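Asks: One letter stands for each residue in the lines below.
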Amino acid sequence: GNSVTQMEGPVTLSEEAFLTINCTYTATGYPSLFWYVQYPGEGLQLLLKATKADDKGSNKGFEATYRKETTSFHLEKGSVQVSDSAVYFCAVSSGSARQLTFGSGTQLTVLP
Amino acid sequence: ETGVTQTPRHLVMGMTNKKSLKCEQHLGHNAMYWYKQSAKKPLELMFVYNFKEQTENNSVPSRFSPECPNSSHLFLHLHTLQPEDSALYLCASSQLAGDTDTQYFGPGTRLTVL
Numbered sequence: 055g056n057s058v059t060q061m062e063g064p065v066t067l068s069e070e071a072f073l074t075i076n077c078t079y080t081a082t083g084y085p086s087l088f089w090y091v092q093y094p095g096e097g098l099q100l101l102l103k104a105t106k107a108d109d110k111g112s113n114k115g116f117e118a119t120y121r122k123e124t125t126s127f128h129l130e131k132g133s134v135q136v137s138d139s140a141v142y143f144c145a146v147s148s149g150s151a152r153q154l155t156f157g158s159g160t161q162l163t164v165l166p
Numbered sequence: 121e122t123g124v125t126q127t128p129r130h131l132v133m134g135m136t137n138k139k140s141l142k143c144e145q146h147l148g149h150n151a152m153y154w155y156k157q158s159a160k161k162p163l164e165l166m167f168v169y170n171f172k173e174q175t176e177n178n179s180v181p182s183r184f185s186p187e188c189p190n191s192s193h194l195f196l197h198l199h200t201l202q203p204e205d206s207a208l209y210l211c212a213s214s215q216l217a218g219d220t221d222t223q224y225f226g227p228g229t230r231l232t233v234l
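Chain order of the listed sequences is A and B.
As numbered in our numbering, residues 55 to 166 make up the first sequence, in order.
As numbered in our numbering, residues 121 to 234 make up the second sequence, in order.
Derived by calculation from the structure, the hints in this document are not laboratory data.
Treat the hints loosely; a few may be bogus.
Take a look, some chain A residues computed to stay more than 10 Å from chain B by CB distance [as the list claims (entries may be wrong)]:
id: 1; residue: LEU73
id: 2; residue: THR80
id: 3; residue: GLY83
id: 4; residue: GLU123
id: 5; residue: THR125
id: 6; residue: SER137
id: 7; residue: LEU165
Label-pair ranges, simulated between beta-carbon atoms [stated by the list, open to error]:
id: 8; chain 1: A; residue 1: ALA107; chain 2: B; residue 2: GLU173; range: 28 to 34 Å
id: 9; chain 1: B; residue 1: LEU234; chain 2: A; residue 2: LEU165; range: 34 to 40 Å
id: 10; chain 1: B; residue 1: GLN174; chain 2: A; residue 2: THR82; range: 20 to 26 Å
id: 11; chain 1: A; residue 1: ASP109; chain 2: B; residue 2: THR127; range: 34 to 40 Å
id: 12; chain 1: B; residue 1: PRO203; chain 2: A; residue 2: SER112; range: 41 to 47 Å
id: 13; chain 1: A; residue 1: GLU96; chain 2: B; residue 2: ASN190; range: 22 to 28 Å
id: 14; chain 1: B; residue 1: LYS142; chain 2: A; residue 2: TYR93; range: 21 to 27 Å
Subject to a maximum C-alpha distance of 35 Å in a straight line, what follows is the list of computed DSBU-like cross-link-like pairs (lysine-lysine) [unchecked claim]:
id: 15; chain 1: A; residue 1: LYS110; chain 2: B; residue 2: LYS160
id: 16; chain 1: A; residue 1: LYS122; chain 2: B; residue 2: LYS160
id: 17; chain 1: A; residue 1: LYS106; chain 2: B; residue 2: LYS172
id: 18; chain 1: B; residue 1: LYS156; chain 2: A; residue 2: LYS114
id: 19; chain 1: A; residue 1: LYS106; chain 2: B; residue 2: LYS161
id: 20; chain 1: B; residue 1: LYS156; chain 2: B; residue 2: LYS172
id: 21; chain 1: B; residue 1: LYS160; chain 2: A; residue 2: LYS114
id: 22; chain 1: A; residue 1: LYS110; chain 2: B; residue 2: LYS156
This structure is a prediction, so every number in the text was calculated from the model and none was measured.
A virtual CB, placed ideally from N, CA and C, is assigned to each residue, including glycine.
Isolated chain A (complex conformation) (with noise of 0.2 Å):
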């Protein structure tokens, strides 16, 4: 099956720091990968999401790009902010269900 490994947090950053946030996975065919992220007290949402090999994810600053040869989708971003606090889930779908299966989660924390 499906799995998804995920840079352990928790990350604490100070305001306009650079952000990466690892992720690798193992799927079988052609996989779909996603960053989803929850804020305190809320539902997932997702962030951004990339469907092929080399396709770049972007939103709102943030950014993944599909490496088929390195099974990685790490999200970056060059400058936080505060209200970029929260838990980030990297996920990946594949197969005829395309049910997705989701990393552990990274807690950011972003400091004034």
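Following the hints, position chain B against chain A.
Replies: Just chain B now, with coordinates in the frame of chain A:
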């Protein structure tokens, strides 16, 4: 109202109670999902429904009973739960066409079993 809604947002119940969680999606999707999110554990997929038919049951105990009367509504009936069932229960939906496998989540129901 748009998106995926869940009610109630918070629920406290005793081990002998019977309660139900409700999920409704206003996105015109064909698939709906129940997930369990416990502290310090990855999200656990519980059930999947495609076009009202259950297609996945990830070895969930029978004290959790799903119901999907139509493509827009999904319920999770709860009875004789255990304290370890306390968690955030998330509902999601997706389109299941082409590459639109993106799942959209509701805000969750925070369940506490006493």
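Asks: Against this structure, judge whether each hint is valid.
Replies: Cross-check of the supplied hints:
1. LEU73: holds (21 Å)
2. THR80: holds (14 Å)
3. GLY83: holds (12 Å)
4. GLU123: At roughly 21 Å from the nearest Cβ of chain B, GLU123 of chain A sits farther out than 10 Å, so the non-interface label holds.
5. THR125: holds (18 Å)
6. SER137: The assertion about SER137 of chain A holds, with a minimum of 18 Å to chain B.
7. LEU165: holds (23 Å)
8. A:ALA107 <-> B:GLU173: 28 to 34 Å: At 33 Å between Cβs, range holds.
9. B:LEU234 <-> A:LEU165: 34 to 40 Å: holds (36 Å)
10. B:GLN174 <-> A:THR82: 20 to 26 Å: With Cβ atoms ~23 Å apart, the hint holds.
11. A:ASP109 <-> B:THR127: 34 to 40 Å: holds (37 Å)
12. B:PRO203 <-> A:SER112: 41 to 47 Å: This hint holds: roughly 42 Å between Cβ atoms.
13. A:GLU96 <-> B:ASN190: 22 to 28 Å: holds (26 Å)
14. B:LYS142 <-> A:TYR93: 21 to 27 Å: Check passed, 22 Å falls within 21 to 27 Å.
15. A:LYS110 <-> B:LYS160: The given pair, whose Cα atoms are some 29 Å apart, holds under the 35 Å limit.
16. A:LYS122 <-> B:LYS160: Holds, at about 28 Å.
17. A:LYS106 <-> B:LYS172: holds (30 Å)
18. B:LYS156 <-> A:LYS114: Given pair LYS156 of chain B, LYS114 of chain A holds - Cα atoms ~28 Å apart, limit 35 Å.
19. A:LYS106 <-> B:LYS161: holds (28 Å)
20. B:LYS156 <-> B:LYS172: Roughly 20 Å separates the two Cα atoms, so the pair holds.
21. B:LYS160 <-> A:LYS114: Distance of about 27 Å is within 35 Å: holds.
22. A:LYS110 <-> B:LYS156: holds (30 Å)
Taken one by one, the earlier hints all hold for this structure without exception.
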